[in-house]
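Asker: Construct all of the structure, not just a fragment, from the sequences and the given hints.
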Amino acid sequence: MLTTSLPRLRGLAATACAALVLSACGGVVDDEGDDNDAAADLPDAELVAPVAGMTCDEGATPTGEPIVVGGSLSLTGPLAPTATLHNAVAGLVTDWVNDCGGLDGRPLEWRVLDDQSTPGTVTSNYERLIGDGVDFVMGPYGGAATLAGAGPVSRAGYAYPTATNGAPDKLIGENHFPAWQIGGGVDDPARMFDAQADAVVAALESSGNPPSTAFFATAKFPTTLSYRGAVVEALEEAGTEITGDLEYDLGTTDFSSIALRIQTADPDLVYVGGLGADITNLYQAFDGIGYEPRSIYVALPAPPAVADLGDKAEGMMISSIYEHHEPLGGSPVAQYFAKSYSEVAEEEGVFPLVETQAAAGLAAWQILLTGILEAGADNAAVIEWLNANEVETVVGTLNFDGYNNYGADINRVAQVQDGTRVLVWPEDVSGAEIDYNP
Amino acid sequence: MTPFRDLSLWRQFGAVVLCALLAMALVPSFGSDFVIAFGFQFVTWIGLALSWSLFSGNSGYASFGHGVFFGIGVYATAAVLRHTDAPFAVALVVAGLVAAALALVVGIAVFSSPRFAGDLFGMITLAMAFIVVAVVSNLAFLDGGTGVFVRELAADTWIGESTGHQFVVGTAIAAATAGVAIATSTTRWGAALRSIRDDEAVAESLGVPTYRYKVLTFAASAGLAGLAGAPQAVFLGYVEVGAVFTLNIPLLVIMMTILGGITRWWGPLIGAASVVLVREALLDIGSPELSQIILGLALVVVIALMPHGISGAIPRRRPTATGTTTGTTTATTATTGGAR
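Line by line, the protein sequences are chains A and B. Going by the working numbering, the first sequence opens with residue 5, and the numbers climb by one from there. Going by the working numbering, the second sequence opens with residue 165, and the numbers climb by one from there.
None of these hints come from the bench; they were simulated from the model. Remember, it's a predicted structure, so these values are computed and weren't measured experimentally. Among the clues, some could well be false.
Per the computed footprint, the stretches of chain B lying under chain A, defined by three or more beta-carbons under 8 angstroms from a beta-carbon of chain A, are [unchecked claim]:
1. 186 to 200
2. 305 to 318
3. 401 to 410
4. 453 to 462
DEER-style ranges, computed between Cβ atoms [as the list claims (entries may be wrong)]:
5. Pro193(A) <-> Val257(B): 29 to 39 angstroms
6. Asp291(A) <-> Ala298(B): 24 to 34 angstroms
7. Thr67(A) <-> Val442(B): 30 to 40 angstroms
8. Pro336(A) <-> Thr248(B): 38 to 48 angstroms
9. Trp322(B) <-> Pro193(A): 17 to 27 angstroms
10. Pro336(A) <-> Asp249(B): 51 to 61 angstroms
11. Asp249(B) <-> Glu330(A): 48 to 58 angstroms
12. Ser196(B) <-> Arg298(A): 52 to 62 angstroms
13. Val269(B) <-> Asp439(A): 54 to 64 angstroms
14. Ala242(A) <-> Ser196(B): 52 to 62 angstroms
15. Asp136(A) <-> Val257(B): 44 to 54 angstroms
16. Ala250(B) <-> Glu240(A): 34 to 44 angstroms
17. Ser277(B) <-> Asp249(A): 37 to 47 angstroms
All C-beta atoms, glycine included, are put in the ideal place defined by N, C-alpha and C.
Answerer: Structure representation (structure tokens):
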């Protein structure tokens, strides 16, 4: 009878090693093509202070002990494509502050540890950073990582700004300062995705042609499932009939059976609770059966996935908190960030245009830097100040009232119009009216 | 001499217990928060590598399902804490039992047919991982796809109070696993497993009840991995399917075990310790991609240069006619000797 002999076991180990090496090589998605051209078209922008209340003394060299901000990010592994973007933002902000003469004259330093997309490593990384005496920390990318890091960070009394925490109902504490305020304006922990759902329904209703029928296809992932649940409820309440509601495993690439079901239902609205490149794969399946959806909404797609769809993405609606246009994109800070980010992103091989993730990354840094400027380089003071005040960020004015410090409702809806992503809801930040007539 | 009259066996048990007690006393008392958190991960990986080697290393049946048993332990703990008022000790027992029960069922079915030997066994354990992930993702009782916030559930319990308590539990589990590994190194149980690895057909013809040994050891190995998952649930604070059932876990465990060597019971321990320490040390070089490539390539080189792993490259002490000991390498013990 055959069992696995020693040489074969060693072969297994060598394969495992090779997998490790390959996972390191596959961390970053290289974005070449039209988006780089669009980024190159961005106008030059003048160096300005990244946060309100800070003066930018260009050419002044910061002196003294650096203010060290530590963070754990998934620089390798499955979360790397997006986490790398946050690392690029962190490096950019650090250089930006130092180019402006530092924080109160002191240099800013960014120290990042790779957690290899493993929440357990996030915990020990923050323990290590805190043990090494970093002055402040920046949250990691993703809900599970954010909650894994919250334990050591909170116990040590550090402020915990986060760019994207997809588990807003899980309580972190008064030291939590989220930039992407998913649960903004909602007090009930069980209903933290209501604000996002309301934004979707309001955007559709603003067209004057809300959908009569909707079909849901959602990835099995905590954030997308919670989001889907709230949107189903909100749409049903608004009178939309749900003609299909299915879930698919994370990492699904063959969407042909899902596409067939959607084609059969032929709904006014296809809601894709998808992540990453799900939307690309779904459209491939649509192409295979010759179907064109009447309208489509995607929860959390990777920006390159939408861009790579080209004309097919026209009219697609997307969850968003920022797109680079007036009024949010018109500020000098936003202009400088967009230009600098496009250059840094090109070097790092990440999507070069500022959208939700990059904007949330900058906003998290703006929260921390504003707190330090206003309260000094002391975590307790920064936590107290941020809890009592508002912060001007690239995504709007944020406060940290309410459950889990999700203060302001900044949930928005973007749409691809003439090949460009533009906010279409709510009106105060929109760059165009929604174009929706399924 | 019967194994349990073997003084060296008791010395090894004693050394493991002593080391574990010292670690449990010193690390939480004097270690920094980082040392305690890192120590917890350290002992968890050691427990996983030793428990994988208990079955796969000894019998030669390479399992890719070890991460599943570990994940089941994580989710069983989360479910007990979420749906009952039972203390953590109950969750710990449930975690081990559920993982062992699954392995028992799989083992009874798979080992009943010789068709599932060799590589096919590995494929079956991989398929088992997909099935378990699908079940956990769909059962709201366990997860349902939305994740479980364990920190909140364990906040008022002894285990949730501090990482030091999680370290104590993790160390106890790793020590218990080491104890089982020591037992297999000298008892008939271990010899039977190694005879399966060398030639299962011959072992059977010599009267070794291979089916029984395989089924029970597979269950024991899974049960120990399940136990290791219990404190991990509290340590993580929030568990979700994608993070818990990642394929990285069984891959790393296999790598650690082969690196450390399977010809001595402590080989996987050395392998796990080496990988965890090197990974942590490489964090400082500032290039995550490069550090992972260095780690992977270094392991390939070590495995190529030391075919029997680190432990296999260390000379054994053997008695001579005059009663003294001499050093000798273990190249020949792979197929004949015990995992000592």
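Asker: Can you list which hints this structure breaks, lowest number first?
Answerer: 8 and 15
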